[in-house]
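Fit chain C to the given chain R structure using the hints.
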Amino acid sequence: MRLLITRLQCLVVIGLLLGTACGDGANAEEVSNSNQKQLTIYAAASLTEAFQQLGQQFETEQPDVEVVISFAGSQQIAQQLSQGAPGDLFASANEKQMFNVINSGRVLQGSDQEFVHNKLVLILPADNPGRINGFGDLTRSGLDLILADQSVPVGAYAQEMLQRAAQDPRFGTDFKSIVLRNVVSYEENVRAVLTKIILGEADVGIVYASDAAGVPGTDLQVIPIPDEINIIASYFIAPIADSPNDQLAQDFISLVLSPQGQEILSEYGFAELSQHE
Amino acid sequence: MNNRTTRQSPPPPTPQIRINGIWGALSMPMLIFLSLPILALFLRISPANLVENLRQPEVLQAIGLSLGTTMISTLIIILAGTPLAYAHARGQFRFSRLMDTLIDLPLVLPPAVAGVALLMTFGRRGILGGVLADLGFHIAFTTTAVIIVQVFVAAPFYIKSASLGFSGIDQELEMSAALDGANTPQIFRFLTIPLSWSALLGGSVMSWARALGEFGATIIFAGNFPGRTQTMPLAIYIGFEMDLDIALTLSVILILLSFLALFVAKYMLNRDWMSS
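Protein chains in written order, with our numbering: chain R, 4 to 280; chain C, 27 to 302.
Hints were generated in silico from the structure; no laboratory data involved.
Ideal Cβ positions, reconstructed from N, Cα and C, are used throughout, including at glycine.
Keep in mind that the hints are not guaranteed to be accurate.
[As the list claims (entries may be wrong)] Cβ-Cβ distance ranges computed for the label pairs, FRET-style:
| hint | chain 1 | residue 1 | chain 2 | residue 2 | range |
| --- | --- | --- | --- | --- | --- |
| 1 | C | Asp160 | R | Gln166 | 36 to 44 Å |
| 2 | C | Phe289 | R | Ser180 | 43 to 51 Å |
| 3 | R | Ala88 | C | Pro252 | 35 to 43 Å |
| 4 | R | Glu117 | C | Met268 | 27 to 35 Å |
| 5 | C | Val77 | R | Ser180 | 30 to 38 Å |
| 6 | C | Asp160 | R | Ser180 | 30 to 38 Å |
| 7 | C | Pro211 | R | Asp222 | 49 to 57 Å |
Isolated chain R (complex conformation):
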């Protein structure tokens, strides 16, 4: 009996606690509604680290705003937005998905703009076992090269880039076929390419600059690929047409395009717009 009473008491106490907690929650919400505004951003997964920092920067500039960012594949976001997901801003890793959202009517035609570039780079183990000094060294026989499989976007881009190199007289028409002879594996995702290069299992891999930027410099060397043959991905940003926070969305876009915003993006391996214009 005593035990039962104790249990009942416990339930009552828990109930009271829950009640108070709920009351507090409701209060907090009221406060945030009156004072704090929320900016909801949908951004491509590859932007995760860079946009988290941009969000913090924005919050320090406008302390009454809370930035909420949802990261996912651009295609997935485009789907969600087309289905009516509420939000203020969309940052896409390519033009195609931005175009899909414009077609759905959630983004006004002409309100989208390029804000950053991403490009392919060569990555090498820190001690450079293949002694690679430049892009042209990819053809050297005996080199172990790892690419992502063609089913992975970056793998398809790498093939396209090699094709462009083959059309460039500096590298020669058989450039692609000679380089592909050095491929030891077509990995099923881009992280596997990174890991195997960090482990030193192969001499060189091809990934996006932003993929390589997350790895400490002591683990990896990065060699640029000439811009003329590189596949440069353009990232697009646009306010959502029916956003209730249009001014905030515009402010965030201004931050992203500002020298400060561009510097944050370049810290995470993205190429600033000015570099290609």
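Relative to the frame of chain R, chain C by itself:
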């Protein structure tokens, strides 16, 4: 009810009837659950499509590579695993329980762990990889790596089965053969192997089937390169994202091969039991 009364006139087995009835009905859900996904695969692809996909070079390459590597790895498992299985069955080691656990370990390891472990061993920067590289052997990303993975993950099936088979043989038989003047190889060849034949065959087939289905450790340690390291399971995984038809074709073939192997092995084992 009718059945039961008519069958009660010959002497024994009423239990048999019950198993067919209630237990049969109760076992249906699991049986259907196990076979429905396989049926679904076969329904999804037409025979004409299947035959046409079979002509694709990457499909043929994957099948050829899978058959070739699994044959070699099964052979290695039998050659190197039989002595271990015999020692395991006969030996009274101080550490036999530890040995038993070590043999079991690859069975329960996630394939990804096996892949990383093999990379740390035979990879370029692995504990043996450096020495092997100096000798001119490059293992990671080669067909050899595929075989190494298969031996690692599949050997326990053969070793355990063979060991059980060996320990089922009466040791006095071997001793009396020795008294009659037979030497150790003769005893093993003419007594031990024939008497444990079904266990050896069953274990080999299980090992082969496990090697055939190996995926996770292979893609980590051996990588993915058509014709070199892209076995059927890898081609199915990549195909799932690129070309579903290829994935379906290879899946159907993999299932047919595994089913056939298991079925033949069970048939031969059965016959073995009956004759003995």
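Hints, verified against the model:
Checked against the given bound of 36 to 44 Å, the beta carbons of Asp160(C) and Gln166(R), roughly 37 Å apart, stay inside it. The given range of 43 to 51 Å is respected by Phe289(C) and Ser180(R), whose C-beta atoms sit roughly 45 Å from each other. Evaluation of the 35 to 43 Å hint for Ala88(R) and Pro252(C) yields a pass: the beta carbon distance comes to about 40 Å. Taken as a hint, the range 27 to 35 Å holds for the pair Glu117(R) and Met268(C), whose Cβ atoms sit roughly 30 Å apart.
Between Val77(C) and Ser180(R), the C-beta spacing of about 32 Å keeps the proposed range 30 to 38 Å intact. The hinted range of 30 to 38 Å is satisfied by Asp160(C) and Ser180(R), whose Cβ atoms lie roughly 31 Å apart. A C-beta distance of roughly 54 Å is found between Pro211(C) and Asp222(R), which places it inside the suggested range of 49 to 57 Å.
Checked against the numbered hints given earlier, this structure breaks none of them.
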